Structure formats: structure tokens, C-alpha cells
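Novice: Sequence:
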Amino acid sequence: MAKINLKEYDYSLPKELIAQTACHHRDHCKLMVLNGRRTEHKRFYQIIDYLQPGDVLVLNETKVMAAKLLGKKETGGNVEVILTGKLGTSYLARIKGSKIRKKTKLIFAHNKAEVVKREEDVFYLKFFGGLKKKDLIIPTPPYIKQKVPEKDYQTIFARKAGSLAAPTAGLHFTKELLKKIEQNGVKIAKINLSISYETFLPVRDINHHQTGREYFEIGKRNADLINSANNLFAVGTTVIKCLESAKRKNGRLFPQKDCSTLFIKPGHQFKTTWKGIITNFHLPQSSLLLLVSAYIGGNKLRIAYAEAVKKKYRFFSLGDAMLIVK
-15 MAKINLKEYD
-5 YSLPKELIAQ
5 TACHHRDHCK
15 LMVLNGRRTE
25 HKRFYQIIDY
35 LQPGDVLVLN
45 ETKVMAAKLL
55 GKKETGGNVE
65 VILTGKLGTS
75 YLARIKGSKI
85 RKKTKLIFAH
95 NKAEVVKREE
105 DVFYLKFFGG
115 LKKKDLIIPT
125 PPYIKQKVPE
135 KDYQTIFARK
145 AGSLAAPTAG
155 LHFTKELLKK
165 IEQNGVKIAK
175 INLSISYETF
185 LPVRDINHHQ
195 TGREYFEIGK
205 RNADLINSAN
215 NLFAVGTTVI
225 KCLESAKRKN
235 GRLFPQKDCS
245 TLFIKPGHQF
255 KTTWKGIITN
265 FHLPQSSLLL
275 LVSAYIGGNK
285 LRIAYAEAVK
295 KKYRFFSLGD
305 AMLIVK
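With the first letter of the sequence shown counted as 1, position 84 gets the number 68 in our numbering; the numbers rise by one all the way through.
Worth flagging that the hints you see were computed from the coordinates, not collected in a lab.
Given the structure is predicted, the values throughout are model-derived calculations rather than measurements.
Check the hints yourself; a few may be wrong.
As the list claims (entries may be wrong) - In silico DSS-like cross-links for lysine-lysine, where the CA-CA straight-line distance does not exceed 30 Å:
1) Lys249 <-> Lys47
2) Lys(-13) <-> Lys310
3) Lys164 <-> Lys259
4) Lys159 <-> Lys171
5) Lys47 <-> Lys87
6) Lys174 <-> Lys110
7) Lys80 <-> Lys70
8) Lys47 <-> Lys96
9) Lys57 <-> Lys96
10) Lys159 <-> Lys47
11) Lys14 <-> Lys26
12) Lys129 <-> Lys86
13) Lys255 <-> Lys231
14) Lys47 <-> Lys129
15) Lys241 <-> Lys231
16) Lys129 <-> Lys144
17) Lys249 <-> Lys144
18) Lys231 <-> Lys171
19) Lys26 <-> Lys(-1)
20) Lys56 <-> Lys(-1)
21) Lys26 <-> Lys164
22) Lys110 <-> Lys89
23) Lys231 <-> Lys(-9)
24) Lys57 <-> Lys83
25) Lys310 <-> Lys14
26) Lys255 <-> Lys131
27) Lys135 <-> Lys118
28) Lys259 <-> Lys83
29) Lys83 <-> Lys144
30) Lys(-13) <-> Lys284
31) Lys231 <-> Lys(-13)
32) Lys144 <-> Lys159
33) Lys135 <-> Lys295
34) Lys135 <-> Lys241
Claimed, not checked - Label-pair restraints from in silico Cβ distances:
35) Glu166 <-> Lys296: 30 to 38 Å
36) Asn168 <-> Glu64: 27 to 35 Å
37) Gly61 <-> Asn211: 53 to 61 Å
38) Leu(-3) <-> Asp189: 17 to 25 Å
39) Lys233 <-> Ile91: 48 to 56 Å
Don't be surprised by glycine CBs; every beta carbon is placed ideally from N, CA and C.
Just need the whole structure built from these sequences, with the hints factored in.
Specialist: In C-alpha cells form, the structure reads like this:
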């Protein structure tokens, strides 16, 4: 495998192109279509024109869970806490704030907690009287600087809470659009992959980058739908990660529950044949950008992103979308 230069996956982005709010009508955002050698500029609701009877559209029905707390240190100073798991009676957390160390006490609206242990960037918290759910809100990415209504950061098909980030390619779908797609003979399959905190982290070293451990499940009906597809379309990078991580028997997907730590980067040999991928525009040097590059190639991706900047597409989680058709 050729050596990958991470700097090739950096790009300049004006701050005003980082979407801070969702599109007023979900399916009216811009849609860049990379269709073979052609680049087309559409609106998202026109995605229906690229789907044919017998195709299968695969969605991630995970739901962003309330796992963020806003508070203060007992000595003063704001803190932002994101709970990432639980071990025994302690909660594992990432904390944004200065001088957080063992025995630091944190004060929230309805409770207090103490840092009982730290392992690198992971803090262990003990809540006095237990965790109060009314203190919890859903986490949003750090580049979104204003409060986001929860409805704008959940897909309309979100079902099972477990993620610390939204499967953002799915945010563009409305119930009406999905209904039209199904009426055209396209089948909808759903998987569940819980998105970890590590999805926010930049790739520092492409050879040693670790993704979070992400739980996924595929039910029998959905495995059968995917196996029967004329063509497969993935709604988002999390769907790709799920199916690339999933085991197969005689080349066919079967029902399963497992965890994935798969890091897809250029040179990856895909075991799923995708006709198309729907995705947002991702952060420079991010694992998600590298995944998309693995699918279409770095040069084509760089050209597309440069054109998106020129045409003032909105970037990242609440931004516009891209459809890559092969």
C-alpha cells in the first residue's frame, strides 16, 4: 500500500461556510452529485432521480442520546462534560475546561460530581446521589457555536438512542421524501451503529489512529433486503462502516450484533459494492474524509471540495450533501 500523506487531506475553508443552523426545509439543502465524470448541482429532494426500482437505500436509525452536561468547577470556571460510558459506579467522560484533575469537584444544575481518576483524556466521574437525567442535553459538534434545537440534530427515522453524534447524511430526509422513494419501488433497509465520541477527533497519525469502539446491529429483514438489492446506496459513512465491519457467510450478509473499530482509509478494499454514497462535507484530515477518499480517490475528492467552496456549499454536520454515484 502506498504511503498516505495526511497533508493531502487538508483544505482551506472560510468560517462562514461552516453551517451553524440546519436548512429550514431538510430536503431543500444543496446536493452536489458526482456522477461518473460529471458534476451536477441539485437540491436534495432531487436525489430520487438517481434511485431506480429494486435499489436499496440503507439508513442508520441510531439516535443521539442526551450525554452532555454544562456546569462549573467548585472553584469557578465553566466546564462542558460529555459522558462516553460507564464502568462500575463511575462514568467515563471527556471534559472541556481548565485544570481538571483528580478530586476536582464539578457542580451542575441539579447535582455534583467528583473526578476520581484520569487516564489521558478520559476522566472518571462519581456523581453524588447518582446522575440526574434532567441535567443532560444532546451533544453537538464543537464547531457549532450556537444552541441547536434537538429536532434539527436527529434524523426523522432515529429510533435507538446510543450515539454521541448524528448520522448527518440522514438529516436531509423527510417523511414525505422517503415515502416517494418507496413508492418508486426503492426499498429502505435500516441498520444501527452507535457513533462514538472519537468521530469528532482529528487524525494525527494515519498509521496509529484509533477509532472508537462502536456497537452495531443488523436484523434479519434488513440483511435480506441488502442481499436482494439491485444496487445499494449508503446514507452516510456510518452505514459504510457498519457493512464493511459486518461478517458474511458465502458472500451474504446475515443478522448480527457486534462492535467495530474499523478505520477505513485510502487503500481499503471494500467488500460491499456500493452504487452510491450520500454524505455531507467533512472536516479536513478527519477519518470521515479519509473514508470518502477511499471510495472515490483523493484527487477527485479534492476537486469536488474545491468546487463546493467556490459555489459556497455549507459544510459539516448541519450543511449540504454530496451524492457519489458509480
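Novice: Each hint needs a verdict: does it hold in this structure or not?
Specialist: Results for each hint:
For a cut-off of 30 Å, the pair hint linking lysine 249 to lysine 47 stands: about 26 Å separates their Cα positions. For the proposed pair lysine -13 and lysine 310, the alpha carbon gap of about 26 Å is at most 30 Å, so the pair holds. For the hint linking lysine 164 to lysine 259, the alpha-carbon distance of about 20 Å falls within 30 Å, and the restraint holds. Restraint check for lysine 159 and lysine 171: satisfied, since their Cα atoms lie roughly 14 Å apart, inside the 30 Å limit.
Distance hint between lysine 47 and lysine 87 is unfulfilled; the C-alpha atoms sit about 33 Å from each other, more than 30 Å. Distance check on the hinted pair: lysine 174 and lysine 110 sit about 36 Å apart at the alpha-carbon level, beyond 30 Å; violated. Between the alpha carbons of lysine 80 and lysine 70 the distance comes to roughly 19 Å, so the proposed pair stays at or under 30 Å and holds. With a C-alpha separation of about 27 Å, the suggested pairing of lysine 47 with lysine 96 holds against the 30 Å cut-off.
A C-alpha spacing of about 10 Å is found between lysine 57 and lysine 96, which places the hinted pair at or below 30 Å, so the restraint holds. Of the supplied pair hints, the one linking lysine 159 and lysine 47 holds, its CA atoms being roughly 16 Å apart against a limit of 30 Å. Proposed proximity of lysine 14 and lysine 26 is supported: the alpha carbons are some 6 Å apart, at most 30 Å. Between lysine 129 and lysine 86, the direct Cα distance comes to roughly 29 Å. Compliance with the 30 Å bound is thereby established for this hinted pair.
The straight-line distance between the Cα atoms of lysine 255 and lysine 231 is roughly 10 Å, inside the 30 Å bound, and the hint therefore holds. Taking the CA atoms of lysine 47 and lysine 129, the gap is about 21 Å. The hint holds against a cut of 30 Å. A hinted pair counts as satisfied when its Cα atoms are at most 30 Å apart, and lysine 241 with lysine 231 qualifies at roughly 10 Å. Only pairs whose Cα atoms come within 30 Å are accepted, and lysine 129 paired with lysine 144 is accepted, the gap being roughly 27 Å.
With a C-alpha separation of about 28 Å, the suggested pairing of lysine 249 with lysine 144 holds against the 30 Å cut-off. Under the criterion of a C-alpha separation no larger than 30 Å, the hint pairing lysine 231 with lysine 171 is consistent with the structure, at around 22 Å. The straight-line distance between the Cα atoms of lysine 26 and lysine -1 is roughly 23 Å, inside the 30 Å bound, and the hint therefore holds. The straight-line distance between the Cα atoms of lysine 56 and lysine -1 is roughly 29 Å, inside the 30 Å bound, and the hint therefore holds.
At roughly 18 Å between alpha-carbon atoms, lysine 26 and lysine 164 fall within 30 Å of each other, so this suggested pair holds. Between lysine 110 and lysine 89 the CA atoms are separated by roughly 10 Å; this keeps the pair inside 30 Å, and the hint holds. With a CA separation close to 33 Å, the supplied pair lysine 231 and lysine -9 exceeds the 30 Å bound. With a C-alpha separation of about 10 Å, the suggested pairing of lysine 57 with lysine 83 holds against the 30 Å cut-off.
For the suggested pair lysine 310 and lysine 14, the alpha carbons sit about 20 Å apart, so the restraint of at most 30 Å is met. Of the pairs offered as hints, the one joining lysine 255 and lysine 131 is violated, with about 39 Å between alpha carbons and a cut-off of 30 Å exceeded. For the hint pairing lysine 135 with lysine 118, the CA-to-CA distance comes to about 18 Å; that is within 30 Å, so the pair holds. Taking the CA atoms of lysine 259 and lysine 83, the gap is about 49 Å. The hint is violated against a cut of 30 Å.
Our distance criterion of 30 Å between C-alpha atoms is broken by lysine 83 and lysine 144, whose separation comes to about 35 Å. Note on lysine -13 and lysine 284: the hinted pairing holds, with a Cα-Cα distance of about 18 Å set against a maximum of 30 Å. As the CA atoms of lysine 231 and lysine -13 are separated by approximately 28 Å, the hinted pair is consistent with the 30 Å bound. With a C-alpha separation of about 18 Å, the suggested pairing of lysine 144 with lysine 159 holds against the 30 Å cut-off.
Distance restraint check for lysine 135 and lysine 295: the Cα-Cα separation of roughly 28 Å lies within the 30 Å cut-off, and the hinted pair is therefore satisfied. In summary, the hint linking lysine 135 to lysine 241 is supported, as the alpha carbons are separated by about 28 Å, within the 30 Å threshold. At roughly 33 Å, the beta-carbon separation of glutamate 166 and lysine 296 lies within the given 30 to 38 Å, and the hint holds. About 44 Å separates the C-beta atoms of asparagine 168 and glutamate 64, a value inconsistent with the hinted range of 27 to 35 Å.
Separation of glycine 61 from asparagine 211 is about 54 Å and conforms to the stated range, judged on CB atoms against 53 to 61 Å. Look at leucine -3 against aspartate 189: about 23 Å separates their beta carbons, and that is inside 17 to 25 Å. Our hint of 48 to 56 Å for lysine 233 and isoleucine 91 holds, since their Cβ atoms are close to 53 Å apart.
Hint violations for this structure: numbers 5, 6, 23, 26, 28, 29, 36, all remaining hints satisfied.
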